[in-house]
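I would like the entire structure built from these sequences, with the hints used as guidance.
Here's the letter readout for the chains.
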Amino acid sequence: MSPLDLLLEPLGYEFMVRALATTVLAAVVCALLSCWLVLVGWSLMGDAVSHAVLPGVVLAYVVGAPFAVGALVFGLLAVVLVGAVRGGGRVKEDAAIGIVFTTLFALGLVLVSVTPSDTDLNHIVFGNVLGVSTSDLVQVAVLAAVAAATLLLKRRDLVLFAFDPTHAHAIGLSPRRLGALLLGVLAVTAVVALQVVGVVLVVAMLVIPGATACLLTDRFGRMLVLAPVLSATSAVVGLYLSYWYDLASGGMVVLVQGVVFGVVHLLAPHGVLGRRRAGRAAAVADEATTARPEAAPVV
Amino acid sequence: MTPALEVEHVTVRYGDVLALDDVSLRLAPGRVCGLVGVNGAGKSTLLQAVTGTVRPGAGRVRVLGDDPARARRRGAIAYVPQQEAVDVTFPVSVRDVVAMGRYGRLGPTRRLRAADHAAVDAALERVGLTALADRQVGRLSGGQRRRAFVARGIAQEADLLLLDEPFAGVDKGSEATVVRLLRELAADGRTVLVSTHDLHALPDLADEAVLLRRSVVFHGPVPEALRPETLAGALGLATGTVASRTGAAGEGAAA
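One line per chain: the protein sequences are A and B, in this order. Per the working numbering, the very first residue in the first sequence carries number 1; after that it's consecutive. Per the working numbering, the very first residue in the second sequence carries number 1; after that it's consecutive.
One thing to keep in mind: the hints can contain errors.
To be verified - Distance windows between CB atoms, simulated:
1. 65(B) x 65(A): 32 to 42 angstroms
2. 18(B) x 149(A): 23 to 33 angstroms
3. 60(B) x 89(A): 21 to 31 angstroms
4. 263(A) x 203(B): 30 to 40 angstroms
5. 130(B) x 15(A): 20 to 30 angstroms
6. 57(B) x 83(A): 16 to 26 angstroms
7. 88(A) x 58(B): 34 to 44 angstroms
8. 121(B) x 83(A): 41 to 51 angstroms
Said to hold, decoys possible - Partial pick of chain B residues on the chain A-facing surface, computed with a CB cut under 7 angstroms:
9. 72
10. 73
11. 77
12. 81
13. 82
14. 83
15. 90
16. 91
17. 92
18. 110
19. 131
20. 133
21. 136
22. 215
23. 218
Said to hold, decoys possible - Here are a few chain B residues that face chain A, going by a calculated C-beta distance under 10 angstroms:
24. 18
25. 48
26. 51
27. 70
28. 74
29. 79
30. 104
31. 214
32. 217
33. 228
34. 230
In short, the hints are calculated from the structure, not lab data. Here the structure is a predicted model, which means the values were calculated and not measured. Glycine included, each C-beta is placed from N, C-alpha and C at the ideal position.
Have a look at this one:
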């Protein structure tokens, strides 16, 4: 079989075409969002919100509402609960996040177990990209478009929010509102991604592409190109591998992304080897541009 | 004349800790004021109360006669963060940082127009960073990075510039450059409030000084502020200790 056949044969099946389309959409929008999540330091928040949407998605299924509505409600609820648990000051934020998202996720699992359905709701948990229907694909496309458009239109404000929220506040913008916007997009994006890899692995797609791009460039604008390209390519490769070797599709998508990150981490300018080179270069660097330690007396 | 900054009976508490106690102060436009105090004296808190990041439990703040929220929306307040508050690995260039000064006056997508690009270029020129404009912000020296953030305030056309410890981790040459820059801005009619540990820089830098120790211990001309007995009050030390530690030249000592 020629290499071209390897690529084309799966496309003879409609389910594979839908799977590829869904995967690429999810990979691109997750990668865009991940650029901000890794810079704000919200990877754990991404994990939390993506797990916490599960009960919302199940309830939306039960009442016949769009998944995104349920996801948004529970994503928001998770954020409010984290704030409330942390509010007293005794419970630190990471513990608060850990408590809230696992509890909501557990609620989701219980709801799955008691909800009679013709489609297997466990697919929400572990993903079932090969079983995506045309209406699922349409929903994914709409949500992905909304999320991506929001991120790209507000990208400068969101970068400012990530880089210097104090300045954002000082010029009359609301860091709180920008944070809420990012969380809203996160909840919507979680719905898109869980179709591909399931709730459990969504966080991988929300963190790995941004972290990979971050190692490759010093320009945020370039991250916004590199992350989606790497993410979509890895996801498609993962899907093809799962097709040919009969492996779990969601797992393969994430595994390939993880391997790509590993390679970049080793070889990139900001990666392990790059830092070694930079360390040697710094020894002969121009002293004039380097701040000397402050020797002046202080109060 | 409307004061550039009015702080009236401002009190700030963090839980049980009293950070600012009945602080009042007025700054006239076109002045550089040094805000001096030991760690924990409330310098950063006072700056944050002016930007509105911290909400005072009592008292009020006015910036050029406006309440802080209005002044913020007008772009009247620029804030230069402490060295360690900046994520130096963040993938933005010097030009990107300066452009952020314009965001308040732009449309919802913050797309820069020709006039904004010109203002950014002019601000970069003014602080002498034109040649480094496309560098990632972490690849600057401490002093250059301070200048980049001051340039952001210039591009913003802010009336009131607040700087939190701008000389920490900055070499002497860069410090002199920043001091000259701030003096020029004051000569243009802007008002500059600088929190600092560094008594050394004060005579060149500031027209007046505020000594802060949860409340205002002294507010007046710099030479008076640097007198050992005045400093002793601000630092909460015995006069003799300060005199021996600061010396006639007004050198400080680690508190």
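### Query
Any of the earlier hints contradicted here, and which numbers?
1, 2, 4, 5, 7, 13, 14, 19, 20, 22, 23, 24, 31, 32, 33 and 34
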